[in-house]
Amino acid sequence: MSRQDLKNTLAYIHSEINRIETMAGTLSMTEREHYRKLSNFDDRAIMDIAAEEQNAARQLGTMKEMCLAMAQKIEEIETAVEQETFSGGSDRA
Amino acid sequence: MLKLVGNWVRSVAHETLEKALTRMIRDQYVENLFELVPAAKKVNPIYLVEIAMRAAQGSPIPRPLGSPVHFSPWEKILFNPVHLSSFPTPENVTIRTSVTIGQRARKPLTISIPVMIAAMSFGGALSKSAKIALAKAATMAGTATNSGEAGLLMEEREAAQLFIGQYNRGGWLNAPEQYRLLDAIEIQLGQGAQGSTYQRTTAKNIGADYQAVFGLKDGEDAVIHSRLPGVDTQADFIELVRRLRHETRVPVGLKIAATHHLEKELQIALEAGVDFITLDGAEGGTHGGSPTLQDDVGLPTLFAVTRAAEFLAEKKAAGAVNLLATGGLVTPGQMLKAIALGADAVYIGTAAVMALISEQMVESVPFEPPTSLVVYTGKMTDSLDIEKGARSLFRYLNACVQEMEQVAISAGKTSLADLSKADLCCLDPFVAKATGLELGYIAPQKQQQFFGDLDRLAFAQATADPLPERELN
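So the sequence lines, in the order shown, correspond to chains A and B.
Numbering-wise, the UniProt record's numbering puts 68 at position 68 of the first sequence, and it's gapless, one number per residue.
Numbering-wise, the UniProt record's numbering puts 271 at position 271 of the second sequence, and it's gapless, one number per residue.
Cross-link-like lysine to any residue pairs, in silico, SDA-like; alpha carbons within 20 Å at most: (1) A:K73 - B:G319; (2) B:K388 - A:A45; (3) B:K128 - B:G378; (4) B:K107 - A:I74; (5) A:K73 - B:K107; (6) B:K388 - A:E53; (7) B:K19 - B:F34; (8) A:K73 - B:R249; (9) B:K107 - A:A69; (10) B:K107 - A:C67; (11) B:K107 - A:M66; (12) B:K107 - A:I17; (13) A:K37 - B:A399; (14) B:K315 - B:K421; (15) B:K315 - B:R104; (16) B:K107 - A:I13; (17) A:K73 - B:Q103; (18) A:K37 - B:N92; (19) A:K37 - B:P90; (20) A:K73 - B:R104; (21) A:K37 - B:I95; (22) B:K42 - B:N32; (23) B:K107 - A:M70; (24) B:K3 - B:H14; (25) B:K388 - A:A50; (26) B:K107 - A:A71.
These stretches of chain B come out as covered by chain A in the derived footprint (C-beta under 8 Å, 3 or more residues): (27) 96-104; (28) 109-115; (29) 140-149; (30) 389-395.
These aren't lab readings, by the way, just hints derived from the structure by calculation.
Ideal placement from N, C-alpha and C gives every residue a C-beta, glycine not left out.
Okay, chain A solo, but in the shape it has when bound:
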C-alpha cells in the first residue's frame, strides 16, 4: 500500500468511526427515551423490556466512548504518517 493509499484509508476509517459514534449516541438517546416510556407500565414483562432498553442505552453510550477513543488513536496515526511523510520528504531533499 502506498503512503497516499494509507492516508486515504485512515481518513476513511476516521470518518466512518465518527459516523458510528454519532449513530451510537443518537440510538442511545432513543433507547433511553423508550426506557422512560416503558417504565410507566406496571407489567413485569414490560418492566423487563424497559430494563433491557436502559441497558442498551448504556451499551450504546459505551460504543460511543469506544469510537471516540478509536478516533483519537487514528488521529495519532494520521499525524504520525503526516510527519513521517514530511521528514521522509526532507530526507530525500
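The hints should help you fit chain B onto chain A, whose structure is shown.
Then chain B, alone, in the frame of chain A:
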C-alpha cells in the same frame, strides 16, 4: 373447629412460656438454659457453633461467602449532594458508566458498567450452570465475568462476551491455548478470604466434568499452591507479566489479597508493567475459606482501595494502571464509594450469587441453604434455571447502576468515574484522617484547625504533659 385448635395452641404456648420463664428466673445459672444467652454474647453465636463444628470435624471448617465481620466502615462515609454551590446534573443528561481497563494494552477491555462478576471458580466453588448463568447476566449488562481459579470452561467462555481469566496457582488456565482465548488475564496470587495459602479439593468431590476441565487424572486432588508455579522470585513475576502481555496483547493484571504490605507489592507490580491491579479486601468471600483466614487475615477493602489509589497517584500511574476493588461490596453505595475513593471498577461475588438465586431460593429453603442451588457440590444444582437466574442478576446490576447514576446526578457529575474524594465526607475522625476525607461534622474551612488541635491533644496525652486549655482553643 379452627378457633378451638387456635385456643388450644394458645393455651399450650402460654403454659410452656410461663414454665420456661419461671425456671429461667428461679434456677441457678449452672442449671439454666439462659446460660447460653450471655455465653453467646461473649463468644458470639457464630463462633459458638463454629467451636462445635471444629470439635466435631477436627479440621479447619470451610465457611462459605466470607467473613461475617464487616471491617470496612462504609457506613461512616456519605456522598455530598449539591444544590447551589454547584448544580445537580439535569435529568436529561446521560451519566457515563463505561470503563476501559488496560488503556496501555493493545486490546483494552471496555465494560459498559463499572461492576463485574467476581472470580468464583467452576468446580472449586460453583456449578457449571451457575457459571453459565453469571456469564449470561454479565453479557446482558455489557460487563465482564471472571473464571476464578479454574480451567477453561468453554461453555462459560462462549456465554461471556467479556471474559477475564485467572492465570492461577493450580496451573489450570496457564497454557497458551487457554489464556489466548481470554479478554484479560488476572494473575492470581491470593484472595481476601484465604490470603495466599494453599487449597485442596479432594478427589471425592471432583466429578467427571470438573476432572476434564482441570485436566486431572483419576483420583487426583485439585491443589491450589501457595505460590504460583514457576514464580519464586520477583524477577520471575516480572518476566511472566511481560511474556503474557507480549503473547496475548490483552490487559494483564495482578490479583492479591489486600495487605498491610500493599505498597511494596504494588511497587513490584508496577515494575512488571501490569495493566490493572485487583485488590481483594479482608471481607472477600469464598466457597470455603477457614474462619481464621477470613476473620483474622488481610486488610479491609476500604483502606486497601484508599492506600492503593494514593500510591498509584504518587507514582503517576493512576489511569494507566487500573485499580479494581473487590471484597465485601454488597450495596451500590459501597461499590460507588470504592469508585469515589479511587477504584476504576469493582467486582461483586456474594451479592451476584444472591441476586442470581433470589427468585429461585424458595426451591431450596427451609431444608437446604440457598447456595445449594449454585455450589458445585450442592444438592440442588440441577434445579437452577439458568435463564431465570441470569435475568435476576441482570435486573440487579441494572438497578445498582441506576442507583449509582442517581448519586452522580445529585453530586453534579456526568460520569461515575468523575466522583472523587471531594464528593464524600466522613463521620469518623480516624477514618477521615486515614482516608484523607473531610470530617462531616466540621465545616471545610475548620478541618485543619480541628485535626491540628486533635493532634496536639493526642501528643499532650501521650507525653502526659497536657497543654493549657487556652492553647487548644
